[in-house]
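Asker: Go ahead and model the full structure; you've got the sequences and the hints to work with.
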Amino acid sequence: MDKEETREKKGKGCSPLDLRQAIRQALANQNLGGALGRFADAYLPSREKVFEGRDFAALREEIRRVKQSTIDYMDALAERFTENARKRGAVVFPAPDAQAACAYILELARKNSVDFVVKSKSMASEEIHLNKYLEKAGITVAETDLGEWIIQLCGQKPSHMVMPAIHLTRQEVAEIFSHEIKERLESDIPRLVKVAREQLRQKFLTAQMGISGANVAVAETGTLFIMTNEGNARLVTTLPPIHVVIVGLEKLVEKLSDAGPIFEALPRCATAQHLTSYLSLITGPAQVENIEGETGAKELHIVLLDNGRRKMAADPRFRDALRCIRCASCLNVCPVFALIGGHVFGHIYTGGIGTILTAFFGPGREAEDLQTLCLGCQRCREYCPAGIDIPQMILDLRERYAGGRLLPRGQKLFMEKVMPNRKLFHTILKTAARVQKPVTKGRPLVRHLPLFGRGLTEGRSLPALADRALRDRLGAGETAAGQIGGQTIRPAGEPVQKAGFFAGCLIDFVYPEIGEAVLDTLVCLGYAPVFPPAQNCCGFPLEHSGFREAAVELAKQNIAAFAGAGVSVVVTACPTCAVSLKKSYPRLLGDDPAWAKQAADLAAKVVDYASFALHQLADRQIEGTPFGPVTYHDSCHLKRSLGVYREPRELLVRAGAQLQEMAWSDRCCGFGGSYSIQFPELSRPILEQKIANIAASGARMVAMDCPGCLLQIRGGLDYRDLPVKAEHTASIIGDILKRKFS
Amino acid sequence: MANTALDSKAESNYRLFARMAEAMAAEVHRAGNLSAAREKLREILQALAPRKIVAAPGVLLARLAPGEAAQEAGAAFYTEKLRRYAPEADLGVSEMELGIAETGSIAQNATDAASRLVSTLPPVHLAVLRTDTIVPTLRDAITRAGEGGGPPPYWTIITGPSRTADIERVLTIGVHGPYRLIILAIDNADENGNPNG
Ligand code: SF4
Ligand code: SF4
Numbered sequence: 001m002d003k004e005e006t007r008e009k010k011g012k013g014c015s016p017l018d019l020r021q022a023i024r025q026a027l028a029n030q031n032l033g034g035a036l037g038r039f040a041d042a043y044l045p046s047r048e049k050v051f052e053g054r055d056f057a058a059l060r061e062e063i064r065r066v067k068q069s070t071i072d073y074m075d076a077l078a079e080r081f082t083e084n085a086r087k088r089g090a091v092v093f094p095a096p097d098a099q100a101a102c103a104y105i106l107e108l109a110r111k112n113s114v115d116f117v118v119k120s121k122s123m124a125s126e127e128i129h130l131n132k133y134l135e136k137a138g139i140t141v142a143e144t145d146l147g148e149w150i151i152q153l154c155g156q157k158p159s160h161m162v163m164p165a166i167h168l169t170r171q172e173v174a175e176i177f178s179h180e181i182k183e184r185l186e187s188d189i190p191r192l193v194k195v196a197r198e199q200l201r202q203k204f205l206t207a208q209m210g211i212s213g214a215n216v217a218v219a220e221t222g223t224l225f226i227m228t229n230e231g232n233a234r235l236v237t238t239l240p241p242i243h244v245v246i247v248g249l250e251k252l253v254e255k256l257s258d259a260g261p262i263f264e265a266l267p268r269c270a271t272a273q274h275l276t277s278y279l280s281l282i283t284g285p286a287q288v289e290n291i292e293g294e295t296g297a298k299e300l301h302i303v304l305l306d307n308g309r310r311k312m313a314a315d316p317r318f319r320d321a322l323r324c325i326r327c328a329s330c331l332n333v334c335p336v337f338a339l340i341g342g343h344v345f346g347h348i349y350t351g352g353i354g355t356i357l358t359a360f361f362g363p364g365r366e367a368e369d370l371q372t373l374c375l376g377c378q379r380c381r382e383y384c385p386a387g388i389d390i391p392q393m394i395l396d397l398r399e400r401y402a403g404g405r406l407l408p409r410g411q412k413l414f415m416e417k418v419m420p421n422r423k424l425f426h427t428i429l430k431t432a433a434r435v436q437k438p439v440t441k442g443r444p445l446v447r448h449l450p451l452f453g454r455g456l457t458e459g460r461s462l463p464a465l466a467d468r469a470l471r472d473r474l475g476a477g478e479t480a481a482g483q484i485g486g487q488t489i490r491p492a493g494e495p496v497q498k499a500g501f502f503a504g505c506l507i508d509f510v511y512p513e514i515g516e517a518v519l520d521t522l523v524c525l526g527y528a529p530v531f532p533p534a535q536n537c538c539g540f541p542l543e544h545s546g547f548r549e550a551a552v553e554l555a556k557q558n559i560a561a562f563a564g565a566g567v568s569v570v571v572t573a574c575p576t577c578a579v580s581l582k583k584s585y586p587r588l589l590g591d592d593p594a595w596a597k598q599a600a601d602l603a604a605k606v607v608d609y610a611s612f613a614l615h616q617l618a619d620r621q622i623e624g625t626p627f628g629p630v631t632y633h634d635s636c637h638l639k640r641s642l643g644v645y646r647e648p649r650e651l652l653v654r655a656g657a658q659l660q661e662m663a664w665s666d667r668c669c670g671f672g673g674s675y676s677i678q679f680p681e682l683s684r685p686i687l688e689q690k691i692a693n694i695a696a697s698g699a700r701m702v703a704m705d706c707p708g709c710l711l712q713i714r715g716g717l718d719y720r721d722l723p724v725k726a727e728h729t730a731s732i733i734g735d736i737l738k739r740k741f742s
Numbered sequence: 743m744a745n746t747a748l749d750s751k752a753e754s755n756y757r758l759f760a761r762m763a764e765a766m767a768a769e770v771h772r773a774g775n776l777s778a779a780r781e782k783l784r785e786i787l788q789a790l791a792p793r794k795i796v797a798a799p800g801v802l803l804a805r806l807a808p809g810e811a812a813q814e815a816g817a818a819f820y821t822e823k824l825r826r827y828a829p830e831a832d833l834g835v836s837e838m839e840l841g842i843a844e845t846g847s848i849a850q851n852a853t854d855a856a857s858r859l860v861s862t863l864p865p866v867h868l869a870v871l872r873t874d875t876i877v878p879t880l881r882d883a884i885t886r887a888g889e890g891g892g893p894p895p896y897w898t899i900i901t902g903p904s905r906t907a908d909i910e911r912v913l914t915i916g917v918h919g920p921y922r923l924i925i926l927a928i929d930n931a932d933e934n935g936n937p938n939g
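Those sequence lines, one after another, are chains A and B.
Position 120 (the first sequence) corresponds to 120 in my numbering; numbering is contiguous.
For my numbering, count along the second sequence from 1 and bump the result up by 742.
Don't take every hint at face value.
Unchecked claim - Below are the BS3-like pairs computed for lysine-lysine, each with C-alpha atoms no more than 27 Å apart in a straight line:
| hint | chain 1 | residue 1 | chain 2 | residue 2 |
| --- | --- | --- | --- | --- |
| 1 | A | Lys203 | B | Lys823 |
| 2 | A | Lys136 | A | Lys111 |
| 3 | B | Lys794 | A | Lys203 |
| 4 | A | Lys583 | A | Lys412 |
| 5 | B | Lys751 | A | Lys49 |
| 6 | A | Lys583 | A | Lys423 |
Just so you know, the hints here were simulated from the structure itself, not pulled from any lab data.
All values reported here derive from a predicted model rather than from experimental measurement.
Answerer: Here it is in structure tokens:
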């Protein structure tokens, strides 16, 4: 809370130091961690249950379509909505910004001698800081959503878009209420809720104006949809004679039926309910009754809020964020949010999407710090019912804010200047490899890789740079075809095709043995492997730190490296590199006529190790000797960005593994590239959860397909001296194939 | 003719409706015809023993003669000046236009202040509806709301009693709205059980 105030006062982004301090405080807050952690565990199973029998992908597509036309036709829809709502008797005020919206509402209140207002939850009203504005003018505003009221009473800010007071315990609420009603209250939840009912009931009955938000505004009918569980919105819209609705332009849809998919998804995603207790459709003023029993028409005012939305709609990189239906799924599945909550990871709108909205809807620069908190695990994208690519937008934001703000200066320089110069970069790495010894547990040793700076994390042991990098083990030749016995899975005489291998920094310089296993695999599968030595870092860490130009330079180098290699396929055992080559390059170079086609060509050839190996094996068995129980960790980029999770499992099973799934196999390990360096305090607890899940699986080996995850998880296991081996799938499979064919 | 059976579609709609509504903590009763419904209403009032009842007028509700049942139960019964009486009433009674099977919801045109006052302020809300008005999906209900030249000024969909999980995510029933939602579904709501009556 203190921090929020500091931020507010400064009216711009807080310094990295403030952010660190806020993180530290949030992590130290046991309630918050406990509540958020328990919720994160409970959320997905209950959500799955309410989606049973429903096609989430189809629903998401429907919502995407509906909201896409909201963005494409925002002005036309606003016009139609205004016309139709007016026809039905509402007063519509188009508010260009927060100031205009607040001023309109205050003026309306003054005209009607209103001094007491009840409000139901409205994020738009929080966005424009309406309460403060009205209170300064002497008007009392009571929040009536239970969570919001608690927050209002103790002068805090909501920490979650759907559950604003999730960070407070019942004891704290009891204290807050006791203070309010000047009576000692026990921390009994039903009793506390009852107190809230009694207290707020009086307010509903005496308020002269009700203010609410809306979830959807329908252009063709002028209808507003308002959804609540507590019933406060029904009272806010029923009892006072004046009702003001603040609704953002992004809530517009064309037809009444467009609301269908939104309300099918919203309660299921937000609170795992089939439907909330109340859903009201308001179209023009309804009837109001006074204490004498006289009835008349209400006054209905609709404030149609722009406040950055049109600007967002016009921005090709960020416009999709306007599809957001504020269901908070993305917060509920975010590993970072689960640790620190919305007070740190968020401003008014919280989490990843909150960061993006904050960048457009607020005058300050809060988003500049917030964007650094996303570790790019892609989890939110998978669960967003509006199909918003939050991590990509955060990346774009990072670039816009000229990223790497929290990185040490030296590392920034290293990323921007050294890495694009491959020779220099690799010379530094090789020199470092020579001088790094001896290796000691827990000591930072790989600091010269792009992902590692000086401030290395505790809580995991780090590997040393390999004595000899993969590129040196392979010799100087352009092509290096490892020879294993000469036999392959292919019938003799079949022409041998060339397969390219993209190693990536971690395999090249830290885990060359994984690279060798990949090459062995390629040979056994009947390919002639090609390792173009001009290949460099894939550029992903640079792009993710906001150094777009340096990333573009690396993309070009790698495209050129493979251009003349005559390969039909490019295999990589690093999912992050795969995503970079397959997805980022076409995006980074899509507008460059000299490179766009080449980028697309390379992208089409890139395949991850497990998919390639399984595809090549077709229905052949590997016939490995059965080995003990193995659990599998899904790397974020492999599962979420590439959709690959079945393939490595099948490979392992075919090789004789007895698969023993861990809980939450697809939760991030906390590595996130440079993230674990920037925010070791966040990376570490995420790793700890992962290690606990691995240990609980009972397996003696954990397999995975990402050298980054391997570094993180192997380091975590070693640090805790757990007798579980961590291996890359390629090491396991390559070894078996090699034994078989040699 | 008594108790005309519902067709199988309506019957399965009702089954799902009742299951979902109960899962949302509503209490669901069913009556085959009006006289059974009156009897049910009497039972409900006996059990609740309210002192004050407020009711929003409605055609279906009138057929149940709730005023008489209230008198029998010894309760004061108000159908006017509800803004005054509803805050102190123990029970609010109203009729619904339709039910939604997939969510166990009930819905109505709530443009008249009365219909909202009786269903928001008292701690218990008793809603009556015709079993054959239950539609399969939420989308059906939204379509219905828009029929005839657009939605009325206020259309409400209610699913179970008022609830919150805002303190420690513990589900607590009954915040600002009713603690209890009692639904009485009537299969044949025509006078004397006569479909044309
Ligand atoms: S990508 Fe991962 S860390 Fe970033 S906002 Fe999404 S869930 Fe959170
Ligand atoms: S971004 Fe997607 S998941 Fe997050 S609140 Fe918006 S709609 Fe929900």
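Asker: Determine for every hint whether it applies to the structure shown.
Answerer: Verification of the supplied hints:
For the proposed pair Lys203 (chain A) and Lys823 (chain B), the alpha carbon gap of about 20 Å is at most 27 Å, so the pair holds. With a C-alpha separation of about 17 Å, the suggested pair Lys136 (chain A) and Lys111 (chain A) falls inside the 27 Å cut-off, and the hint holds. Note on Lys794 (chain B) and Lys203 (chain A): the hinted pairing holds, with a Cα-Cα distance of about 22 Å set against a maximum of 27 Å. Our distance criterion of 27 Å between C-alpha atoms is met by Lys583 (chain A) and Lys412 (chain A), whose separation comes to about 24 Å.
A threshold of 27 Å between alpha carbons decides the hint, and for Lys751 (chain B) with Lys49 (chain A) the separation of about 25 Å falls inside it, so the pair holds. Among the hinted pairs, Lys583 (chain A) with Lys423 (chain A) is consistent with the structure: their alpha-carbon atoms are about 26 Å apart, no more than 27 Å.
When held up to the earlier numbered hints, the structure conflicts with none and fits them all.
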